[in-house]
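Chains as they are written, first to last, in our numbering: chain L, 1 to 114; chain C, 1001 to 1115.
Careful: at least some of the hints might be erroneous.
Once the Cα atoms are required to be at most 30 Å apart in a straight line, the calculated DSSO-like pairs of lysine-lysine come out as [stated by the list, open to error]: (1) Lys71/L / Lys9/L; (2) Lys1049/C / Lys57/L; (3) Lys9/L / Lys1049/C; (4) Lys57/L / Lys9/L; (5) Lys1112/C / Lys9/L.
Derived from the structure by calculation, the hints contain no laboratory data. Just so it is clear, the structure is predicted and the values come from calculations on it, not from any experiment.
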Amino acid sequence: NAGVTQTPKFQVLKTGQSMTLQCAQDMNHNSMYWYRQDPGMGLRLIYYSASEGTTDKGEVPNGYNVSRLNKREFSLRLESAAPSQTSVYFCATLFSRGTNQPQHFGDGTRLSIL
Amino acid sequence: AQSVTQLDSQVPVFEEAPVELRCNYSSSVSVYLFWYVQYPNQGLQLLLKYLSGSTLVKGINGFEAEFNKSQTSFHLRKPSVHISDTAEYFCAVSPFTGGGNKLTFGTGTQLKVEL
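Make the full structure from the sequences, and use the hints.
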């Protein structure tokens, strides 16, 4: 998915380590989202940013922080990784609030915490 | 708040057979409805969406879905599946207004097409 780029694609961490997942988009979209995907649970929203300079909590924000660095980039940080945060993380973008356009997804970051 | 229920976690089907993937939702406000497909090791791609108007919505790859307001359902159908349709399918809703266009997803249905 050329429009939304996530890095890294894979990562293994030890409990207690920290790391930042990066998301960048080249579609000039205003809103950006971070989801986690776990087996049998679908995708759950962690944080989102409706526009540059704003961030809000989603359904499962505990243990995470986010930064909307500029319009293009939205990062997700795990300050002290826990095994329960082993998951596949997806970044998504949307052109504008109040529209009925779908979100566009990156290919995901597969994170394992030992 | 919204919730989405996909009752079937896995649906096996033979190639060229029809398939229906079920989706029911609950919401106190009006919502947009979406179906996304996820192929292995990839992100989600939009299959189709219902915004308003005709309750029968056609999407990509020959899929269609019908919105039933009274039953709060949005089932996905394809009259003849192909091996390449093997993937996980997610139903999702987003409120008309407010909420930052947040999507609420179902737990997904794994479609496995067999020869």
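Evaluated hints:
1. Between the alpha carbons of Lys71/L and Lys9/L the distance comes to roughly 22 Å, so the proposed pair stays at or under 30 Å and holds.
2. A hinted pair counts as satisfied when its Cα atoms are at most 30 Å apart, and Lys1049/C with Lys57/L qualifies at roughly 25 Å.
3. Restraint check: the Cα-Cα separation between Lys9/L and Lys1049/C comes to about 28 Å, which is no more than 30 Å; the hinted pair holds.
4. Our distance criterion of 30 Å between C-alpha atoms is met by Lys57/L and Lys9/L, whose separation comes to about 24 Å.
5. Of the pairs offered as hints, the one joining Lys1112/C and Lys9/L holds, with about 26 Å between alpha carbons and a cut-off of 30 Å not exceeded.
Going through the hint list in order, the structure satisfies each hint without exception.
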